[in-house]
Amino acid sequence: MLGIVRQKMLEQSLKKIPPAVSVLRSYSSAAKQMTIRDALNSALDEEMSADSKVFLMGEEVGEYQGAYKITKGLLDKYGPERVLDTPITEAGFTGVAVGAAYYGVKPVVEFMTFNFSMQAIDHIINSAAKTNYMSSGQISVPIVFRGPNGAAAGVGAQHSQCYAAWYASCPGLKVLAPYSSEDARGLLKAAIRDPDPVVFLENELLYGESFPVSDEVLDSSFCLPIGKAKIERKGKDVTIAAYSKMVGYALKAAETLEKDGIDAEVINLRSIRPLDRSMINASVRKTSRLVTVEEAFPQHGVGAEICVSIVEESFAYLDAPVERIAGADVPMPYAANLERMAVPQVEDIVRAAKRTCYRSVS
Amino acid sequence: MCLQLTYVVKSGLVGFPLHQLNTKILPTLSATIPTPFPLVFSAPIVSFLSFIFSSPLSLPSSPPIFSPFPSSLPIRKKMATAFSPSKFAAQPFPLNTTSQNNPLTIPTIASPFLGSTRKLIRLCSSSNLNLRRRSGTVVAVSDVFKENKSKSTPNLLITKEEGLELYEDMVLGRAFEDMCAQMYYRGKMFGFVHLYNGQEAVSTGFIKLLKQQDSVVSTYRDHVHALSKGVSARAVMSELFGKTTGCCRGQGGSMHMFSREHNVLGGFAFIGEGIPVATGAAFTSKYKREVLKEVDCDHVTLAFFGDGTCNNGQFFECLNMAALWKLPIVFVVENNLWAIGMSHLRATSDPQIYKKGPAFGMPGVHVDGMDVLKVREVAKEAIGRARRGEGPTLVECETYRFRGHSLADPDELRDPAEKAHYAARDPITALKKYLTENNLTSEADLKAIDKKIDEVVEEAVEFADESPVPPRSQLLENVFADPKGFGIGPDGRYRCEDPKFTEGTAQV
Chain A
1 MLGIVRQKML
11 EQSLKKIPPA
21 VSVLRSYSSA
31 AKQMTIRDAL
41 NSALDEEMSA
51 DSKVFLMGEE
61 VGEYQGAYKI
71 TKGLLDKYGP
81 ERVLDTPITE
91 AGFTGVAVGA
101 AYYGVKPVVE
111 FMTFNFSMQA
121 IDHIINSAAK
131 TNYMSSGQIS
141 VPIVFRGPNG
151 AAAGVGAQHS
161 QCYAAWYASC
171 PGLKVLAPYS
181 SEDARGLLKA
191 AIRDPDPVVF
201 LENELLYGES
211 FPVSDEVLDS
221 SFCLPIGKAK
231 IERKGKDVTI
241 AAYSKMVGYA
251 LKAAETLEKD
261 GIDAEVINLR
271 SIRPLDRSMI
281 NASVRKTSRL
291 VTVEEAFPQH
301 GVGAEICVSI
311 VEESFAYLDA
321 PVERIAGADV
331 PMPYAANLER
341 MAVPQVEDIV
351 RAAKRTCYRS
361 VS
Chain B
1 MCLQLTYVVK
11 SGLVGFPLHQ
21 LNTKILPTLS
31 ATIPTPFPLV
41 FSAPIVSFLS
51 FIFSSPLSLP
61 SSPPIFSPFP
71 SSLPIRKKMA
81 TAFSPSKFAA
91 QPFPLNTTSQ
101 NNPLTIPTIA
111 SPFLGSTRKL
121 IRLCSSSNLN
131 LRRRSGTVVA
141 VSDVFKENKS
151 KSTPNLLITK
161 EEGLELYEDM
171 VLGRAFEDMC
181 AQMYYRGKMF
191 GFVHLYNGQE
201 AVSTGFIKLL
211 KQQDSVVSTY
221 RDHVHALSKG
231 VSARAVMSEL
241 FGKTTGCCRG
251 QGGSMHMFSR
261 EHNVLGGFAF
271 IGEGIPVATG
281 AAFTSKYKRE
291 VLKEVDCDHV
301 TLAFFGDGTC
311 NNGQFFECLN
321 MAALWKLPIV
331 FVVENNLWAI
341 GMSHLRATSD
351 PQIYKKGPAF
361 GMPGVHVDGM
371 DVLKVREVAK
381 EAIGRARRGE
391 GPTLVECETY
401 RFRGHSLADP
411 DELRDPAEKA
421 HYAARDPITA
431 LKKYLTENNL
441 TSEADLKAID
451 KKIDEVVEEA
461 VEFADESPVP
471 PRSQLLENVF
481 ADPKGFGIGP
491 DGRYRCEDPK
501 FTEGTAQV
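First to last, the protein sequences are chains A and B.
Residue 1 is where the first sequence starts when you use the numbering used here, and the numbers rise one by one after that.
Residue 1 is where the second sequence starts when you use the numbering used here, and the numbers rise one by one after that.
Only chain B is shown next, with the shape it has when bound in the complex (with noise of 0.2 Å):
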């Protein structure tokens, strides 16, 4: 049978090696209902929800195979099949930790993988899956953080300024996209239009921890990308609209969001083809500071792609790459489930991508993608590990797109059932719940958050609305960076700058 197991594991760890462990397991139980943040006793970082399972949500008929842990198993044992299932890559990397004591909550928690996995779950009744069998060796990451706090006090994730941080660009995020629909269906924006409704917690909780200089490579689904980038919504609007003041003067489009100042590279149209990018970028930041001497450039790259982009050949050679060069890159996979109406399930050999990590010699981490706290632990593990120059990371985001592939898909082929609970686990309300209970702010100020970001998409709209169309002489521009096509000269300055400029055919 199915195994069904939260881990709520101290400050974000992908994985721990299974002798540094030193915890004390306290089973937690959540409610029937699934929700994002299960009631723990000590400082909760993260939960790392295990994959193919059934929820007593949607299979009420067919229970959990582990309770909680029956206390007659031994500690290392129950670690043992307590991490089995779990979705950390097994990777014998070297430990950095420092001497913890860390106990370990292990609630159960529903976290169910619905959709087409129905079929596999009646599988999964048959065998154990290999659970038990697979007791590989389980590594952390990056440093375990020592925590000081006592088990009867909650040690809450965020501060106040960071969670209404979050909150607004979820909300931003969200109100973008709606308010994309609404325009396309009006005529305004036209074309392709990928909304990414639902999955604004993996984009606010991994771009939210970069720098400026940090870059981020994209899909076709790219507009929350660039938002929470930087790029203001204004720019992004005007460039759906395709007008002259857009981030890219209205020439790259919904698919090709470009921002050199954000540090935003695209926006590609063809799946895959924005790996390699994020590798090349992420190449020039060792490159910098190895051969350049810039030694203080520890820039990140993210790479975010979806599940169907992970049977392509591209992201495997990338993942080679990254990791025979150990390159500063996290490979965020944004696992919808779906692509456009191919379930993962049915495209894929082996559903779970994390696994593919460390078939290259990178940890590879599952995380529930619609709670934002959660990505935003395994995110800073993640950046952090790749700015210290340990390498790359391959992070699965199990998360949920709540409209179609795009504005011209009817969505015909999900289940209305798999989509009503996804939406039930909607990160902004969750995000909403959390900072409410926790009493790290009032709804009053969310409210006004919601009424300022309202506001900030109206007015960009408006000024999308009233900006010009590009002008005629636009459309030859810029084909070249070289202003005529003419190449460099020996003074290293544009050919077609030269007043004397000549045939220049030597003689020989």
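With the rest of the complex left out, here is chain A (with noise of 0.2 Å):
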């Protein structure tokens, strides 16, 4: 009961720090710098001010701040009723949520990680994603699932798994999976508006990871387009695909392979469903190599289907077979080697970039 006591004094504490100064206090150059959390929690703000509807609903996201404070100090500026603390039951409360959707409000559902809508799944897909098509069109459902994906640290195989791949191959859905605070902000604010079931997979160790934003992107009407890719580092040697935290890795293996004199072409995917195929495939026409990168369980995954994306649109522009880079094949395991050891590294990126080039055969 005291623990809960300090705790809630230490909410406090922490509840009268604007996110705005969080922002200021990590700026160390001229452009300004912003943690992926304070990226996500001003898009939530500032949705949440402009439409009455949207509202927020998940485990922990109100008294609590959010399980990774995410929602900090929502509950204290649009009240209970807009912020909801759910019991705990997924299937439940996403049920819920998209029964609301179907009236026209605007539910942002937060999953305290991903592995937890499993228990959800069904009303994700039969009752939210199928249901503009079942009905023909009169039945809409603009709702967000929001939550932690992927592997976190040590936290075991039911904690770590990437559902990236999953939500992917339904159709229906829309798949997000930012990278970047100009990513995060930009299409959380596009899945709100977004009239159709968007999955929004963050990633749990890239909320404290600072980025640099433009006056445009703190803009309040920010928003990307859902469906593009972006091109994080030009390049004309090897194109690396990758998403969520894959990104920084990638770009990380970029840097190494600029100094053995292979330039690479990072494309952050930023929308897993519906897939950039058009950037995609026209960066492999120019570059005429692949490497996709993910964290998640190979078989079946988003590289999979860039590769036959690829074989199926630019297979004549090829030089090298596509390399695909993913997680081990093997629930996760909780011994932090292992678990290094099943999740890709920059020097596994840096190899498989290398073969493609013929550099080498391992």
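These aren't lab readings, by the way, just hints derived from the structure by calculation.
Only some residues are given here: those of chain A computed to face chain B with a beta carbon under 7 Å: (1) 134; (2) 137; (3) 274.
Below, simulated BS3-like cross-link-like pairs (lysine-lysine); rule was C-alpha separation at most 27 Å, straight line: (4) B:286 / A:77; (5) B:160 / B:380; (6) B:326 / A:77.
Now the in silico label distances, taken between C-beta atoms and shown as ranges: (7) B:500 / A:171: 27 to 35 Å; (8) B:500 / A:285: 22 to 30 Å; (9) A:214 / B:496: 19 to 27 Å; (10) B:190 / A:221: 45 to 53 Å; (11) A:80 / B:409: 44 to 52 Å; (12) A:169 / B:455: 43 to 51 Å; (13) B:491 / A:258: 35 to 43 Å; (14) B:388 / A:169: 40 to 48 Å.
Ideal placement from N, C-alpha and C gives every residue a C-beta, glycine not left out.
Combine the two chains into a complex, taking the hints into account.
Structure follows, in structure tokens:
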């Protein structure tokens, strides 16, 4: 009990720090820096103030200020009717949110991690994704499902799965995976404004990372298009396509490769469904080599889909087989060294890029 | 031994706090053949049947436990025992009553709960089934209507117009479903078709009390719910035939009837899936009123589901949330005793579903679902409660499906005696009898309605037959509401409609 009191006191003091201040605190150069956490928080804040139909629902989003503090301050600002702490019933509250969305209100459902969304996946797929089609356009579902996805640090097999491929295989859903703060802000705003169900896959380890943001990004009507990827780094020798945390790894791998004379082009997919096939194909036609990177299980994954897309559309342009880097085909182990081996590392990406350039055979 | 009691309660109450009742209990004997409308002395409205109990019809050898109340018992105690086996869920809610003197008639009527309950009945024989111990506070859910009529003239539950409306709706449901069976066997309809024959009283009893903006969420047995709510027979039939003129343009099918105009939210194939969606629709009604400040928004949602669903986790999750947030929803259990071939009693630890309501903080009611007037009275209560913002109600309607689970079900596990028993309690025949006996209408009027409905259904079939199948281009339509899937731009318009839509990557 005392622990809770102390916690509440801590939260009181935390609440007093508005997000803008923490942005300024982490600025060290001319461009403004913003953490993903602040980016998401500010996006939610702005969308909720712009449209009173937007409300949040999830476990610990209110009084606890969010399990990962993404929804910090929103309960105080918008009240308990718009920031709802739910009981621990994923299937139930997801269905409730979907039913509410049938009537045009815009729920943003938070899953504490997307692993828990498996308890609610029937509602995400069957009552949200398929409804616009089954009702032939009568009932659209403007809902957003968001939460951390993929591996965190040492959380074990049941908390570490990446669900991008599962959700992206279902027509009727839009699946977004931001990497930087600009992505997080723009895509979350686009998702909330979107009239269709959107699965928004964040990454827990990225929450605390800062990225530079321009003034345009900080504008309250900034939003990014769904279904368009971004070229994070232009290059001409090999294309590396990645999403979420792996974009950061790909950028580091590109720096290493540059020292070896290989100029890599890094694509941040941003949107897993709809996949920006045209941009990936255009890039591969330019470079003739492709490495796809994801931290999910390899079979039936995003990399497999991208590979087939290239084979279908740009096969003649390929100079080397497509390399697919994915997590190990095992449930995530707990031991730190095993976990490191089960998730792609920068060296793996570098080696794969070199393989496509025939610089090495391993 | 088991108790056999039927309570006729004035003005359709769900329950009464014992201390507030000021009644005279007038036992009324019914005929041995159970009729849905027992003779009553004064304004009868609802009868709540007791649950597991044998009927003289089925087990002639076992006499009812409680004979008509011996006058030696003091009234209070009688009420305690009288109510304790009733299916009013004990729930200490504050009572809204006006001061009333309501004579209460308690006839004994057979209300058999057949099927595999035979074994349970024999179990019953050995103990009192906790009947006497169960004397919890029984609480009313709403106001007791003031009755001005004298005891001698029967007060009818419905007017002629209402009676005809109910009759027409039930006959439409029945004729439609029978036509579906015919069409299925002729190959015009395909896939999974689940028919609602026998359960019309529940759909009609509840849905005819709703406004257009109220919503209905159902399961795969949803044709009649859609019809009762107002979707035209043509649209439903075309949908079943898979034609483009159907209510979902042929893209939904038998199990996914959606209508934005009539607020029919489906049509869900997974049992239990519709319950959270209904809870969400009710949530929106409350949200609109409280956050979006649409002050007169009092839309109610009805969730229909079966006995099998009551063992599903989502059911309990939603009972919890609906009661927690006091949502304007009525959970209607269509307990037809069978989930495909699984008898309710074989699947459920405590078969009395209505009792699960109070466990979550809402009233639970049991009603005879073969009797449209009783269902209607309970529905008035429950819907009224929701509209006033008092929260959810769980209503268990004991009903029966005359056909199998679906048209592919051989229906071998159900006892023919059970089927015959419920067939004798056909809701349409019962309503017909009520209307004619109480001189509300004549046989000729009812026959005219029958004929009219036959014509409507035939016309619907012709319409569906002549309608075109969906064109090729329809295959990829409506996956997203957003036309090309690129989302909404900062100016609030679809990005793909913006003539200057470019790659859209911001430069940092």
